[in-house]
Amino acid sequence: MSIERIISRQYEIANGISNDIGLPKFKKYAMCNLRGGIGKTTLAFNLSYLTNDLLAVDTCPQGNLSYFFDNQYYSSQAPTVRDLILPYLVPGLGKATRVASYVGATNEYFADKNVYYIPSTEELYLLPSQLITAINQALGLQGAQKEQSLKSILYSLKEEIDREMEQNQLERCLIDTSPFFAGATQLAWYAADALVIPVRTDQQSVKSLELLINTLTSPQSEFRKYLPTNDLKVPQIQMVVLTHCGWSTVSGARNEPNQQTKVYLKKVFDILSRHRTLLSTGDPSNHLFMLDDFLGSGRISSVESKPLSLLHSGETKVIDRVRVSVNKSVDKCKHQLQYINQQLWG
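Numbering-wise (UniProt numbering), the sequence shown opens with residue 1 and increments by one.
Keep in mind that a hint or two might mislead.
Each computed DMTMM-like pair below joins lysine to aspartate or glutamate, with the alpha-carbon atoms no more than 25 Å apart [said to hold, decoys possible]:
hint, residue 1, residue 2
1, Lys25, Asp193
2, Lys158, Glu222
3, Lys266, Asp20
4, Lys151, Glu171
5, Lys207, Asp193
6, Lys151, Asp231
7, Lys233, Asp193
8, Lys266, Asp202
9, Lys332, Asp112
10, Lys306, Asp331
11, Lys95, Asp70
12, Lys233, Asp83
13, Lys25, Glu166
14, Lys113, Asp331
15, Lys266, Glu210
16, Lys27, Asp53
17, Lys27, Asp193
Now the in silico label distances, taken between C-beta atoms and shown as ranges [as the list claims (entries may be wrong)]:
hint, residue 1, residue 2, range
18, Asp331, Pro219, 40 to 48 Å
19, Thr249, Ala78, 46 to 54 Å
20, Ser273, Arg224, 20 to 28 Å
21, Ile21, Thr249, 23 to 31 Å
22, Ile21, Glu108, 33 to 41 Å
23, Asp320, Ser129, 33 to 41 Å
24, Ile319, Leu141, 51 to 59 Å
25, Ile319, Pro228, 51 to 59 Å
26, Gly282, Asn214, 15 to 23 Å
27, Ile17, Gln72, 34 to 42 Å
28, Asp20, Asp270, 24 to 32 Å
Note that these hints are calculated values from the structure, not bench results.
Computed from a predicted model, the values in this text were never measured in an experiment.
Think of the CB as a built atom: it goes at the ideal place given N, C-alpha and C, for glycine as much as any other residue.
Using the sequences and the accompanying hints, generate a full structural model.
Here is the structure:
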């Protein structure tokens, strides 16, 4: 097992001729890494378009995914993911139902997709303190009552996602998270079956991956310390997506990563090799994938809330008084996204 297998597979991925490598498939994924600006929301938005019967849940207080789904999101008064969680933390509050909204009603590009979403809110910035207060109150209880109260709090988002999926007859869920663990991100880890971890080609992102794995595994971490092992549902790592990759310009190179990308590819591969028990298979090379920097295509996609799959080489748009073009590499990016989607859902 080595990075050579990952590199050789990249040519087939870039040209849309790769095969499913047979990863086990899960229903609910959390998109996470404990650092911002690495492509979590961009990846979540584009993967949301590539599947159907999906519930997308935005647990990041910045609300960028919610904005992509509905450009009027910031002025909306609709119920949010916080409204689903709060009744589990504050006794006596009524529970919200049927919170999920049909994306096609607010984003025309999703009109032929059966995709729903639960929006975020900036009030999620307050959730960490509310969550720890509720946990501390539960820890003051005794015996089975304490254990049941902790499970109710920590699995609150899971229970509400399961209910929304059942009510809307949805088969899949993708949860976008914030770049810090406390609060809704913590609950997203309890709700997910597996994790998708974007890692940018820089040292800070690699350190964030190590911090994430330590949080996932350390008995004293905020994730593991509240529940006994037999009650703790630990999500597996389905994939690590190395983002903003660059490619060799040497004549004859077939989608081979450049030297900087290779350096970070090896660093991430070594980390996964040391923690292979967290992976949904035992082979790290099954779980590490590379994704191009979207460049101008990504800027146009973000400004128009338009999935990258619908862009075409040569399209242009003026952004901040600068004309931006869809790059020729957009087709390669489309194939990469499609391949990642295939490894999630089949």
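The hints, checked one at a time:
1. Restraint check for Lys25 and Asp193: satisfied, since their Cα atoms lie roughly 10 Å apart, inside the 25 Å limit.
2. A C-alpha spacing of about 17 Å is found between Lys158 and Glu222, which places the hinted pair at or below 25 Å, so the restraint holds.
3. Distance hint between Lys266 and Asp20 is fulfilled; the C-alpha atoms sit about 23 Å from each other, no more than 25 Å.
4. Restraint check for Lys151 and Glu171: the C-alpha separation of about 24 Å stays at or below 25 Å, so the hint holds.
5. Distance check on the hinted pair: Lys207 and Asp193 sit about 24 Å apart at the alpha-carbon level, within 25 Å; holds.
6. Among the hinted pairs, Lys151 with Asp231 is consistent with the structure: their alpha-carbon atoms are about 8 Å apart, no more than 25 Å.
7. At most 25 Å may separate the alpha-carbon atoms for a hinted pair to count; Lys233 and Asp193 meet this at roughly 8 Å.
8. A C-alpha spacing of about 12 Å is found between Lys266 and Asp202, which places the hinted pair at or below 25 Å, so the restraint holds.
9. In summary, the hint linking Lys332 to Asp112 is supported, as the alpha carbons are separated by about 24 Å, within the 25 Å threshold.
10. Using a Cα cut-off of 25 Å, the hinted pair Lys306 and Asp331 holds, with the two alpha carbons roughly 15 Å apart.
11. The suggested pairing of Lys95 with Asp70 holds, with an alpha-carbon distance near 24 Å, which does not exceed 25 Å.
12. Between Lys233 and Asp83, the direct Cα distance comes to roughly 24 Å. Compliance with the 25 Å bound is thereby established for this hinted pair.
13. Our distance criterion of 25 Å between C-alpha atoms is met by Lys25 and Glu166, whose separation comes to about 19 Å.
14. Simply put, Lys113 and Asp331 have alpha-carbon atoms about 21 Å apart, close enough for the 25 Å limit, and the pair holds.
15. Between Lys266 and Glu210 the CA atoms are separated by roughly 14 Å; this keeps the pair inside 25 Å, and the hint holds.
16. About 11 Å separates the Cα atoms of Lys27 and Asp53, which keeps this hinted pair within 25 Å; it holds.
17. Under the criterion of a C-alpha separation no larger than 25 Å, the hint pairing Lys27 with Asp193 is consistent with the structure, at around 7 Å.
18. At roughly 47 Å, the beta-carbon separation of Asp331 and Pro219 lies within the given 40 to 48 Å, and the hint holds.
19. In this structure, Thr249 and Ala78 meet the distance hint of 46 to 54 Å, their C-beta atoms being roughly 48 Å apart.
20. Take Ser273 and Arg224: their Cβ atoms lie about 22 Å apart, and the range 20 to 28 Å holds.
21. Against the hinted window of 23 to 31 Å, the Cβ-Cβ separation of Ile21 and Thr249 comes to about 28 Å, which satisfies the hint.
22. Evaluation of the 33 to 41 Å hint for Ile21 and Glu108 yields a pass: the beta carbon distance comes to about 34 Å.
23. At roughly 37 Å, the beta carbons of Asp320 and Ser129 sit within the given window of 33 to 41 Å.
24. In this structure the supplied range 51 to 59 Å holds for Ile319 paired with Leu141, their Cβ-Cβ distance being about 54 Å.
25. In this structure, Ile319 and Pro228 meet the distance hint of 51 to 59 Å, their C-beta atoms being roughly 52 Å apart.
26. In this structure the supplied range 15 to 23 Å holds for Gly282 paired with Asn214, their Cβ-Cβ distance being about 21 Å.
27. About 41 Å separates the C-beta atoms of Ile17 and Gln72, a value consistent with the hinted range of 34 to 42 Å.
28. For Asp20 and Asp270, the hinted distance range of 24 to 32 Å is satisfied, since their beta carbons lie about 26 Å from each other.
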